[in-house]
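Undergrad: Given chain A, put chain B in place with the hints provided.
Single-letter residue listing:
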Amino acid sequence: MKAQAVTQSKSAALISEYAPRRSFLSKFLRWEWMLVGLILLDVLINTRLSPFFLDARNLSRTSSDFMEIGLMMLPMVFIIITGNIDLSVASNMGMSASFMGLLHNMGVNIWAAALAGLLLGTLGGLLNGYLVARVKLPALVVTLGTYAFYRGIAYGFLGDQAARGYPKAFTYFGQGKVFETLVPFSVALFIVLAVIYGLVLHRTTFGRYLYAIGNNENATLYSGVPVARIKFIIYTLSGFMAALAGLILAARFGSTRPDIGTGLELAVITAVVLGGVDINGGKGTMLGATLSLFLIGLMRFGMGLLNIQGQVQGIVIGSLLILSILLPSVTQQISSVRNIRIHPRSLLISLGVLAVFVAFFLFFFWSRAPVIAGG
Amino acid sequence: MTVQNPPAAQSPSVSRNGLLWTLVRVREAGISIFILILVVAVTLRAPSFLTVDNFKDILLNISILAIVALAQTMVILTHGIDLSVSSMIGLVAMMVAFVVKQNPEISVLLAVMLGMALGSVLGSFNGLIITFGQVPPIIATLGTLSIYRGLVFYYSQGTWINSFELPASFKLLSKGTPLGLPNMVIIAIVVAVIVYYFLNYTRTGRDIYAVGSNPDAAQFSGIRKQRITFLVYLISGLLCGLAAVLWASRFESAQTNTALGFELQSVAASVVGGVSISGGVGTVPGVLLGALLLGIIQNSLTLIRISPFWQLAAQGLLILIAVISDKWILSRVERTKQ
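First to last, the sequence lines map onto chains A and B.
For the first sequence, the numbering used here gives the first residue as 1, with consecutive numbering after it.
For the second sequence, the numbering used here gives the first residue as 1, with consecutive numbering after it.
In isolation and in its complexed conformation, chain A is listed as follows (with noise of 0.2 Å):
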């Protein structure tokens, strides 16, 4: 919160030594309240639709569902404001998570297996620093490699094979309650780390460097922070947290199979974006992320008590995540014309485009309707 107060005013520093007053009303204008607002309209919307939505045991159940992301996205919040990407996130939870479980099918203790899971988890994270830090690769290129080499290493280990049987004590970990109350192990787990990573990216040295990077890499190097180590930690720590997050899915389905958390990646990513954290770097807040993963959950949840297929989910969390950057800019750019007269040639392209939308959208109907009615 603070690093986006600095950032703001500091366009505003530059003509005058004192930052503009803001009005009272701006500081609501914040994104992480429009999460809010838009959290208790999905609560609201969902419990007026369905009377399953507001029961505690379900929230409860749901809450775990995406807490793998949430434990992903906490070390992409930090990559995404230095203005890189990680895209092996996924990959190597499933690398991990096939190391446990095939160390486990040898009969090797599962505590034992469990580190050795994330010990490996963090090796991949290690790589992909040091090719993005030191080889100075670009971080899409290098986690888009590492993306295919972990997944493929997963498959390696496992095979077409399973591994399950896990003791209860590791079960826990994905299926348990904190003391025999309704709240989730791993949601106890999510909130305690995102305190940790909240608090190290808004209240340490660290975390303004993160911030400095993001803005501008060459200044910040040049005014003697260690860039390379830095990206060197954050990439890291994200093999770490892609690692327990890796276990602790093996823990709640109870088995592992190599394609475990395919696609997951793009969930994470989803969610910090959409938790209005700048994909070019320097901008952003952890509450932020939070909230959106919050968001996200209960919309998917609250879509799923409807009977809504988890693909055709996509087209309104994917619509989300665009409106959230789209809005902001086009109602800046239609206010910046605003004394500018319409140009009848704009108006004529525009209801064009439109036409040939409208005329897809009639096509995707029409084409559709035999088949469905067919059966």
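Among the clues, some could well be false.
Claimed, not checked - Covered by chain B, per the in silico footprint, the following chain A stretches (three or more residues, Cβ under 8 Å): (1) 139-145; (2) 301-315; (3) 323-329; (4) 346-357.
Claimed, not checked - Mimicking DSS-like on lysine-lysine, the simulated pairs with C-alpha atoms at most 27 Å apart in a straight line are: (5) B:LYS171 to B:LYS56; (6) A:LYS283 to A:LYS136; (7) B:LYS327 to A:LYS136; (8) A:LYS283 to B:LYS225; (9) B:LYS56 to B:LYS175.
As the list claims (entries may be wrong) - Partner residues aside, some chain A positions facing chain B, computed with beta carbon under 7 Å: (10) GLY152; (11) GLY159; (12) GLY318; (13) PRO370.
What the hints contain is simulated information worked out from the structure, not anything from laboratory work.
Ideal Cβ positions, reconstructed from N, Cα and C, are used throughout, including at glycine.
TA: Using the frame of chain A, we list chain B on its own:
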């Protein structure tokens, strides 16, 4: 992300003879050498690799990837990225397959045109969000990745189009060999030639490079940046539409998970082929070599009997090696230049 020295393919400061050309040649030489080493090594282990039939097979397998990778390359050249290619392919393939199933007498050419038209609409939607809406490309296309995939499910209600529901002429579109090679390979070659001509010999094509290597300079020199950006996403949709029809024809089906994960493959082919992710650098031959390398890796891993379970890992590792060695060669060239 990091400050990197582009291989000066478009840099006016380097004279045309001498270093510039060595650099350009080295750029594609790197991956060519890598492919050669791979071919020799695999042939030593499995002599059946170096046969005409096997290479026909490889070409058939990479045709769709090559088309989509070329589309992806044009987008990456403008410093963008199109993650929605896989979902566009899935949606268009499903819609075209539905139409073809309903109207089996429809001409194949019409089906192809329909696919390209539908793809263009999807692509221009991406373009509109990115240019008019000013949403960063990675977010816009991440969003449409799940929107279009969701539409596939909504459209088909989870049903598939199977082989027996498609007419024979449609299935032959990709596999027929009236010209010696399968149609699909010929289509890919034609697309590559057109894209090559477009990028190198037309004004708009050169503008694409300009927008990617220095957006501000491009703007000041009168290039309509927004228009070029919109255009590359439209072209990406168009080529994905074409790829979708070929996909449905080749695999004789349209499923809800058609082309799932293809976006990363297309980016991988471009990047391995020497396209810089920060825009402005990349050539058509390079991308074709990149696609060929991915195809050869996939094919040879089966031939030298690497367990299918380890193949994905080997693919990922080889992609990493290709990218790292490319970087290494580049830095070597930079050093000798100084």
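Undergrad: State for each hint whether it applies.
TA: Each hint, compared with the structure:
1. Figure legend: the segment 139-145 of chain A, annotated as covered by chain B; annotation consistent (6 residues with Cβ-Cβ distances under 8 Å, at least 3 required).
2. Only when three residues or more bring their CB closer than 8 Å to a CB of chain B does the claim for the segment 301-315 of chain A stand; here the count is 6, and the claim holds.
3. Check result for the segment 323-329 of chain A against chain B: holds, 3 residues qualifying (beta carbon to beta carbon below 8 Å, three or more required).
4. Counting residues of the segment 346-357 of chain A whose CB lies closer than 8 Å to any CB of chain B gives 3, which reaches the minimum of 3, so the coverage claim holds.
5. Taking the CA atoms of B:LYS171 and B:LYS56, the gap is about 19 Å. The hint holds against a cut of 27 Å.
6. Only pairs whose Cα atoms come within 27 Å are accepted, and A:LYS283 paired with A:LYS136 is accepted, the gap being roughly 23 Å.
7. With a C-alpha separation of about 9 Å, the suggested pair B:LYS327 and A:LYS136 falls inside the 27 Å cut-off, and the hint holds.
8. At roughly 26 Å between alpha-carbon atoms, A:LYS283 and B:LYS225 fall within 27 Å of each other, so this suggested pair holds.
9. With a C-alpha separation of about 12 Å, the suggested pair B:LYS56 and B:LYS175 falls inside the 27 Å cut-off, and the hint holds.
10. For A:GLY152, the suggested interface contact is upheld, since its CB lies about 3 Å from the closest CB of chain B, less than 7 Å.
11. Because the beta carbon of A:GLY159 sits about 4 Å from the nearest beta carbon in chain B, less than 7 Å, this interface hint is met.
12. Because the beta carbon of A:GLY318 sits about 4 Å from the nearest beta carbon in chain B, less than 7 Å, this interface hint is met.
13. About 6 Å separates the beta-carbon of A:PRO370 from the nearest beta-carbon of chain B, less than 7 Å, and the hint is met.
Checked against the numbered hints given earlier, the structure satisfies every one of them.
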